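Q: Sequence:
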Amino acid sequence: MLFIGDSVAGQQALPLTQAMAESGAYFIDGTSTGGGNLVGPNAEESWKTLPEEIEEAAGGVIVYQITSYDWGASAEQEEAYSDLAEAASDVGADLLLISMPPIEPDEFYEDHMDELASAEDVARSMADDNDGVEYVDASAVWGEEYAQEHEGEVHRSDDGIHVCPQGAARFTSWLMEELTELYPEFESADAEEWANNGWADDEAFFGCG
Numbered sequence: 001m002l003f004i005g006d007s008v009a010g011q012q013a014l015p016l017t018q019a020m021a022e023s024g025a026y027f028i029d030g031t032s033t034g035g036g037n038l039v040g041p042n043a044e045e046s047w048k049t050l051p052e053e054i055e056e057a058a059g060g061v062i063v064y065q066i067t068s069y070d071w072g073a074s075a076e077q078e079e080a081y082s083d084l085a086e087a088a089s090d091v092g093a094d095l096l097l098i099s100m101p102p103i104e105p106d107e108f109y110e111d112h113m114d115e116l117a118s119a120e121d122v123a124r125s126m127a128d129d130n131d132g133v134e135y136v137d138a139s140a141v142w143g144e145e146y147a148q149e150h151e152g153e154v155h156r157s158d159d160g161i162h163v164c165p166q167g168a169a170r171f172t173s174w175l176m177e178e179l180t181e182l183y184p185e186f187e188s189a190d191a192e193e194w195a196n197n198g199w200a201d202d203e204a205f206f207g208c209g
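All the letters of the sequence shown, read from the start, carry residue numbers 1 to 209 under the UniProt record's numbering.
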């Protein structure tokens, strides 16, 4: 499985790497801090490394978590997601488009919220219109709006964007369940096998105190 996204996805990739390894699956972390987006600012940087990573995922699953940088007109978003779907199809891989965690926008993001909503709509439409593409709504993990706490535990950073270890673990558990539903032959490891392997101490997590 190839997992693509921004720094938020990079945080989620920490437990996901462990979970996939314990499940006996080959995992490629294609996330990028300060980028990772396929459309919007600096998207060309992602496309420089993506073809090689997609080749590594041949015959498997490519997971793209929509990033907080997926800005642009809906036509641009559709073109970028279509290009990814075509590249996945060319190597015999399925494509899962996952919704991003809702954010509490600061000045940097407040002018782009309509574009981010458009990205989600375009991704849903892409999945409806293309075989081999699935849109997976992660609101079961994050809710419909940003909230730092879930059931009394901090799972989002106080910056309104990023996630904390508890949130990353919940996301991983949820995604592993989604994968077993989509691919019954996939045997997901129990959380006890990957949840306490030291990844939660990684410096990638911040604002969780």
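Worth flagging that the hints you see were computed from the coordinates, not collected in a lab. These figures come from a predicted structure and were not determined experimentally. Built from N, CA and C at the ideal position, the CB exists for glycine as well. Keep in mind that a hint or two might mislead.
Claimed, not checked - No farther apart than 20 Å at their CA atoms in a straight line, the calculated lysine to aspartate or glutamate pairs in the EDC-like style are these: (1) K48 x E79; (2) K48 x E104; (3) K48 x D106; (4) K48 x E22; (5) K48 x D90; (6) K48 x E76.
What the hints assert, rightly or not - Pairwise CB distance ranges, derived in the manner of DEER restraints: (7) R124 x H150: 37 to 43 Å; (8) V91 x G34: 42 to 48 Å; (9) T49 x E177: 37 to 43 Å; (10) G207 x G132: 35 to 41 Å.
Q: For every hint, state whether the structure bears it out.
A: Hint check:
This hinted pair checks out: K48 and E79 have alpha carbons roughly 17 Å apart, not beyond 20 Å. In summary, the hint linking K48 to E104 is not supported, as the alpha carbons are separated by about 30 Å, beyond the 20 Å threshold. Annotation: proposed proximity of K48 to D106 is violated, straight-line Cα distance about 29 Å (limit 20 Å). A hinted pair counts as satisfied when its Cα atoms are at most 20 Å apart, and K48 with E22 does not qualify at roughly 30 Å.
Annotation: proposed proximity of K48 to D90 holds, straight-line Cα distance about 17 Å (limit 20 Å). This hinted pair checks out: K48 and E76 have alpha carbons roughly 18 Å apart, not beyond 20 Å. Checked against the hint of 37 to 43 Å, the pair R124 and H150 fails, with Cβ atoms roughly 24 Å apart. In this structure the supplied range 42 to 48 Å is violated for V91 paired with G34, their Cβ-Cβ distance being about 27 Å.
Range check, T49 to E177: Cβ separation about 29 Å, and the 37 to 43 Å hint is violated. The given range of 35 to 41 Å is respected by G207 and G132, whose C-beta atoms sit roughly 37 Å from each other.
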